[in-house]
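Taken in order, these protein sequences are the chains called R and F. Numbering of the first sequence is given in my numbering, commencing with residue 1 and proceeding in unit increments. Numbering of the second sequence is given in my numbering, commencing with residue 177 and proceeding in unit increments.
Any given hint might turn out to be false.
As the list claims (entries may be wrong) - Computed Cβ-Cβ distance ranges for the label pairs, DEER-style:
| hint | chain 1 | residue 1 | chain 2 | residue 2 | range |
| --- | --- | --- | --- | --- | --- |
| 1 | R | Ala13 | F | Glu211 | 21 to 29 Å |
| 2 | R | Glu103 | F | Gly390 | 33 to 41 Å |
| 3 | R | Thr5 | F | Gly390 | 50 to 58 Å |
| 4 | R | Leu149 | F | Gly260 | 22 to 30 Å |
| 5 | F | Glu211 | R | Val64 | 26 to 34 Å |
| 6 | F | Glu246 | R | Arg81 | 47 to 55 Å |
| 7 | R | Ala9 | F | Gly318 | 51 to 59 Å |
To be verified - Negatives, chain R to chain F, calculated, CB over 12 Å:
| hint | residue |
| --- | --- |
| 8 | Arg82 |
| 9 | Thr90 |
| 10 | Leu176 |
Simulated from the structure, these hints should not be mistaken for lab results. Please read all numbers here as calculations on a predicted model, not as lab measurements. Virtual Cβ for every residue (Gly too), placed ideally from N, Cα, C.
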Amino acid sequence: MVTTTPLEAELLALAGSVPDPELPVLTLRELGVVRAVHMRGADSVEVELTPTYTGCPAVESMSVDIERVLQEHGMREVTVRRVLAPAWSTDDITDEGRRKLREFGIAPPRAGRTAGPVALQLGPTRAALAPETDPIRCPHCGSADTELLSRFSSTACKALRRCLACREPFDHFKEL
Amino acid sequence: MTTTVSTTAALALGDDALVLSHRLGEWAGHAPVLEEEVALANIALDLLGQARVLLSLVGDEDELAYLREERAFRNVQLVEQPNGDFAHTILRQLYFSTYQHLLYAELAAGDGPFAPLAAKAVKEVAYHRDHAEQWTVRLGDGTDESHERAQRACEALWRFTGEMFRPVEGLDVDGAALEAAWLESVEGMLRRATLTVPEGPRSGAWRAGAGRQGLHTEPFGRMLAEMQHLHRSHPGASW
Numbered sequence: 001m002v003t004t005t006p007l008e009a010e011l012l013a014l015a016g017s018v019p020d021p022e023l024p025v026l027t028l029r030e031l032g033v034v035r036a037v038h039m040r041g042a043d044s045v046e047v048e049l050t051p052t053y054t055g056c057p058a059v060e061s062m063s064v065d066i067e068r069v070l071q072e073h074g075m076r077e078v079t080v081r082r083v084l085a086p087a088w089s090t091d092d093i094t095d096e097g098r099r100k101l102r103e104f105g106i107a108p109p110r111a112g113r114t115a116g117p118v119a120l121q122l123g124p125t126r127a128a129l130a131p132e133t134d135p136i137r138c139p140h141c142g143s144a145d146t147e148l149l150s151r152f153s154s155t156a157c158k159a160l161r162r163c164l165a166c167r168e169p170f171d172h173f174k175e176l
Numbered sequence: 177m178t179t180t181v182s183t184t185a186a187l188a189l190g191d192d193a194l195v196l197s198h199r200l201g202e203w204a205g206h207a208p209v210l211e212e213e214v215a216l217a218n219i220a221l222d223l224l225g226q227a228r229v230l231l232s233l234v235g236d237e238d239e240l241a242y243l244r245e246e247r248a249f250r251n252v253q254l255v256e257q258p259n260g261d262f263a264h265t266i267l268r269q270l271y272f273s274t275y276q277h278l279l280y281a282e283l284a285a286g287d288g289p290f291a292p293l294a295a296k297a298v299k300e301v302a303y304h305r306d307h308a309e310q311w312t313v314r315l316g317d318g319t320d321e322s323h324e325r326a327q328r329a330c331e332a333l334w335r336f337t338g339e340m341f342r343p344v345e346g347l348d349v350d351g352a353a354l355e356a357a358w359l360e361s362v363e364g365m366l367r368r369a370t371l372t373v374p375e376g377p378r379s380g381a382w383r384a385g386a387g388r389q390g391l392h393t394e395p396f397g398r399m400l401a402e403m404q405h406l407h408r409s410h411p412g413a414s415w
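Next up, chain R with everything else stripped away, as it sits in the complex:
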C-alpha cells in the first residue's frame, strides 16, 4: 500500500469532484474512475484515470476538466494517465452514485453480478421469462415489469429499455 500525503488526498478529492461530462449528476468519484493521485514534484501531479469502456470518448473531456480543476488549485503541471488494470466495473459506482442515477431517470447497474449479458432467451420479446431474482426496475415508477429494446443506447455503457407498467422508455446502466 502506497501512503498518501494529505495534499494528495486533497487533490484526489478535488479530481473526484469533477462532474462526469455525459452524466453530470455523477461525480468522477461516484463513477469510480479516478484511481489515484501522485505528487511528482512540489507543484506537479499525476492522476490515474480509468475508462468505463475502452472507447469511451468522455475520457478526454474528463482529463481536461481534471487538469483545469487541479491547476486552479495551484498545480503547475497536471498529467492525467489512463490506466486499464484492474478493469473498471459497474461495481465501482458508489451507492450514492446509484441513487443519483435512479433519480436522474437511469436504472442503475445491479451490484455484484457477473459482468456480461444474460443468457440468450429465444422467443418473442415479451414472452414470460424465468422470474428474475433481481429485476431491472423502472426508474420512474419502480415497476419490475420492463423489457429490453436495445442492448446499446445513447452511450456504450447503457441499454435502452421500456417499462411495461408506465410505458416510459428508460436507459439502464449495463452491468460491466
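Starting from the known structure of chain R, fit chain F onto it as the hints suggest.
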C-alpha cells in the same frame, strides 16, 4: 509479467479492431432502424477504443492508422469484407465477435502484455457477441427472406474464418483449442437459427486468409482510401 510487446501481434489485434470499427461506422445513417444504428455505432466505438490502445503499444496511433499502406495492415480478411446487407454484417459480427471474445478471455487470464486490455475488452465484446447471436437467431429463424439472406451471408463469409486461428508471432494462444471452441459455439448458434452450417473450406479456397501477411481483398483498398484521405490531404488537421 512479460513486458515485451510483439509488434506483429499488436498490429494483428489492433488492425482487426480498427478495420471492423470503420466498417461498422459505415452503417451510420444507413441502418435499418435507429436502435441498430446506435448499436452498431457503439460496437464500432468499443472496437476503436481497443484499436487505439493496441496500436499505441507499438507506435503512434494516428500514423499507424492513417499513414500505412494497404500491405502494412495485418488484419484478417474477414473484418475488411464490405457490410453487404444487414444479414451480412450480422454474420460477420457473429464470426468475429465469437473469436474475439474467446481470444480476449484467454489473453485476460494470462500475464502477457495484452492482459490488461483483454481483461477490459472481454466484457465489452461479450455484449457484441450477444448482439450478434440474438440477431443471427432472429434473422435465420425469421421470415423466408431473412433466412435466405442470413444463409447466403453465412456461406459467403465462411471461407474467411479459418485465418483467425493461424498462429501469430508473439501471441501466446492455443489456436487449435480456440478454433474448436469457436466452431462449437458458431455451429451451435447457426443450428439454433435454423441455418445450415456451410460445408466449404474455411481457408485456402483461393488463398483466402492472408491478411495477417498483408495481402488483402480488393474492397479493402477502397475502404482505406476513404478512411485515410482526410488525414493525408490535410496533415495535422484538427477540429
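These are the hints, each one checked on the structure:
{"no.": "1", "hint": "Ala13(R) to Glu211(F): 21 to 29 Å", "in the structure": "violated (40 Å)"}
{"no.": "2", "hint": "Glu103(R) to Gly390(F): 33 to 41 Å", "in the structure": "violated (53 Å)"}
{"no.": "3", "hint": "Thr5(R) to Gly390(F): 50 to 58 Å", "in the structure": "holds (51 Å)"}
{"no.": "4", "hint": "Leu149(R) to Gly260(F): 22 to 30 Å", "in the structure": "holds (25 Å)"}
{"no.": "5", "hint": "Glu211(F) to Val64(R): 26 to 34 Å", "in the structure": "holds (31 Å)"}
{"no.": "6", "hint": "Glu246(F) to Arg81(R): 47 to 55 Å", "in the structure": "violated (34 Å)"}
{"no.": "7", "hint": "Ala9(R) to Gly318(F): 51 to 59 Å", "in the structure": "holds (57 Å)"}
{"no.": "8", "hint": "Arg82", "in the structure": "violated (8 Å)"}
{"no.": "9", "hint": "Thr90", "in the structure": "violated (10 Å)"}
{"no.": "10", "hint": "Leu176", "in the structure": "violated (5 Å)"}
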